[in-house]
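**Student:** Fit chain B to the known structure of chain A by using the hints.
Protein chains: 2
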Amino acid sequence: MTARGVSSPLRARNFGPGPAYLPTEVLERLASDLLDYQGSGLGVAEISHRGPLFAPVREALEDRLRRLLALPARYAILWMHGGATPHFGLIPLNLGRRRGRADYVVSGHWSACAYEEARRLLPEARVAARASKPPVAVPPTASWSLDPEADYVYYTDNESVDGIEFPGAPRVARPLVADMTANFLSRPIEIGPHALVYAGAQKNLGLTGLGVVVVDRELLPEDLPGVPRTDVYAAHLAERSMLNTPNTVAWYTAALMLEWIEHAGGLEALAVRNRRKADRLYAVLDGSGGFYLNEVSPAYRSRMNVPFQLADPALLPVFLREAAAAGLHQLEGHRSRGGLRASLYNAQPEEAVADLARFLEEFRRRHG
Amino acid sequence: MTARGVSSPLRARNFGPGPAYLPTEVLERLASDLLDYQGSGLGVAEISHRGPLFAPVREALEDRLRRLLALPARYAILWMHGGATPHFGLIPLNLGRRRGRADYVVSGHWSACAYEEARRLLPEARVAARASKPPVAVPPTASWSLDPEADYVYYTDNESVDGIEFPGAPRVARPLVADMTANFLSRPIEIGPHALVYAGAQKNLGLTGLGVVVVDRELLPEDLPGVPRTDVYAAHLAERSMLNTPNTVAWYTAALMLEWIEHAGGLEALAVRNRRKADRLYAVLDGSGGFYLNEVSPAYRSRMNVPFQLADPALLPVFLREAAAAGLHQLEGHRSRGGLRASLYNAQPEEAVADLARFLEEFRRRHG
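Protein chains in written order, with the numbering used here: chain A, 1 to 368; chain B, 1001 to 1368.
Treat the hints as calculated values from the structure; they're not laboratory data.
Keep in mind that a hint or two might mislead.
[Unchecked claim] Only some residues are given here: those of chain B computed to face chain A with a beta carbon under 7 Å:
| id | residue |
| --- | --- |
| 1 | 1011 |
| 2 | 1034 |
| 3 | 1046 |
| 4 | 1208 |
| 5 | 1245 |
[Stated by the list, open to error] If you only want the chain B side, here are some residues facing chain A, beta carbon under 7 Å, derived:
| id | residue |
| --- | --- |
| 6 | 1027 |
| 7 | 1035 |
| 8 | 1042 |
| 9 | 1082 |
| 10 | 1209 |
| 11 | 1248 |
Even for Gly, the Cβ is constructed at its ideal location relative to N, Cα and C.
Okay, chain A solo, but in the shape it has when bound (with noise of 0.2 Å):
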């Protein structure tokens, strides 16, 4: 993966939440690519999605993720517009309606705003269960309060906002829907409990406007009347993610990240390595004395998304201003919370989090 043309500017370090920080090899060869791919004088956003030049990208999408995930054969994968937040609304009109009924696990922000759009569609969406207060945990799932004729149980992977994220995969006797936005490829996944598992690309897989979902083929109706025809799951399938143009450039992006990923080693090994980036952090915020606060119980932190408060909060502007200063960018925390977050995805390089980390010790001392 080479960048032709494109010279590397410096690069700033970027902790955004999503729209977030890209590899800059994946961006040089993007952007090389918009003006000439493959020596054809076309464009990669000028090709037709149905013409040769792109066909070797729609097979990379596929082949690259299946081989990823070690994805059994009765799932699909589904490419389509939107991010994630349009499945909110298409998981109930999909996979709920058989009995109309749905269990939602509500453990922050992104899951209570999926059970609101659900409670919209199904007359029987209900709360099994919800995060508690602080120390911040999803309980246990003895304690869930179940319906037996649920068609799914909801639960959020990884909630971006709080910085909660499951160990694990729920076990539950039912078929589980995972919205794995902001942890998606960032470890490996056990599938096989899962009726579907989605996720928006502006995190691992590149830019905004893209959305993949894995699913079981059998779970999906055929057709749902009185829905429209992009709402419709099976639909999508039937055209393998082509009903309608697909987003191309958020295409080619998502193929050049799958390379990426592979490149580094594959699941196992950005595992371990972002561990390693979310372990370096905490251990900061821990070891402050309570000048940096993190609220969520350590078995439920999330490795991808660190939010944190400034004990005393007169400080904030002057650590946004600072860290802007020492090259650390977009560590305001979502507009629903205050405070901080600094964002772990797969890109985001280890000496990134050095940075932050000398500048969260350094801040401390100056102003604790």
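**Tutor:** Structure of chain B alone, referenced to chain A:
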């Protein structure tokens, strides 16, 4: 609009229908900004859609499009995921609920698709008129079978597969809904008679995956019970097109395309240039003594997409091979029709059309 750090390679002549040719200077700017946006050290794909770096992009989209269309205040602009196709379903859901009735003018491939989708969603979607057999034309509005109770009359201003374009907005005493995907911003629009105008971005606004909706805000129902929020136009309006994370790279490219259109002199200047390009090509076809065939009545011929057949279909592979060797690409007709098609959107240079015209004449001399 100057590029930094990117050398412009040889760019081929590209007549693709979309994903289509884009101005080299737009691609150079995008390529450069993917790595470093405004000297921030962050790429344009890596910054928060709600942050200060991206805010001017959002404003530029709104302000420039409003200015180019001379848009009255009662119209809102929505930027949405998925290009044009989702609106085949969203329009009946959002605008057809009052009476459940709508009239469709079926003038070609895309309006037939839109009508088929409307029939899934509205009890009383009907065909008001159909294009005639060759010479292909839309019947005069006086002959349309209009439902006096229809919520709207739907037409496709430019049929990109069939090469049929309306000379102007049809005169009917109903709110109009227009799919302008393939000719949006190629000439001034008479917006007043329209309830809604929409377009996929991939022709004159840049990348795939993005659609724009210009809609009379008074006509939008506040909510649609039982419908996913992402399908409710009013929800997108309330969130100023950030109901969920937008396709930031496509938004940025659309902003660059709007700037490019302004620099090109705006819609009046482009209308003159686009007419000249199309006239040049149709003159060659009509002067070929039947070697090349186009069956559309001159008054309804598209200025954007020029489909044509070879009288001897056996020559088709020869034509495509020789055209490619001459540096003329993506001239294949739509997979549903076969034959040939040249697309001449705003960015298509007059020199490229001149090259194609010369090739057409030479090919006829050699094979006629």
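**Student:** Could you check if residue 1082 of chain B really has its C-beta closer than 7 Å to a C-beta on chain A?
**Tutor:** This hint holds: residue 1082 of chain B lies near chain A, its Cβ roughly 4 Å from the closest one there, short of 7 Å.
**Student:** Does the CB of residue 1245 of chain B sit less than 7 Å away from some CB of chain A?
**Tutor:** Holds, because the Cβ-Cβ distance from residue 1245 of chain B to chain A comes to roughly 5 Å (cut-off 7 Å).
**Student:** For the hint on residue 1011 of chain B, just tell me whether its beta-carbon gets within less than 7 Å of chain A.
**Tutor:** 6 Å, holds
**Student:** Holds or violated: is there a CB of chain A closer than 7 Å to the CB of residue 1046 of chain B?
**Tutor:** 5 Å, holds
**Student:** Let me know if the C-beta of residue 1042 of chain B comes in closer than 7 Å to any C-beta of chain A, holds or violated.
**Tutor:** Cβ of residue 1042 of chain B sits 5 Å from chain A, so the hint holds.
**Student:** Would the hint on residue 1209 of chain B stand, with a C-beta cut-off of 7 Å toward chain A?
**Tutor:** 3 Å, holds
**Student:** Does residue 1248 of chain B hold up as a contact with chain A if the rule is Cβ-Cβ below 7 Å?
**Tutor:** 5 Å, holds
**Student:** Measuring from the C-beta of residue 1034 of chain B to each C-beta in chain A, is the shortest one below 7 Å?
**Tutor:** 5 Å, holds
**Student:** Should the interface hint for residue 1027 of chain B be scored as holding, given a Cβ-Cβ cut-off of 7 Å against chain A?
**Tutor:** 5 Å, holds
**Student:** Next item in the hint list is residue 1208 of chain B. Is there a CB on chain A closer than 7 Å to its CB?
**Tutor:** Holds. Min distance 5 Å.
**Student:** Going by Cβ atoms only, is residue 1035 of chain B closer than 7 Å to chain A?
**Tutor:** 5 Å, holds
The structure fails none of the hints (numbered hints given earlier).
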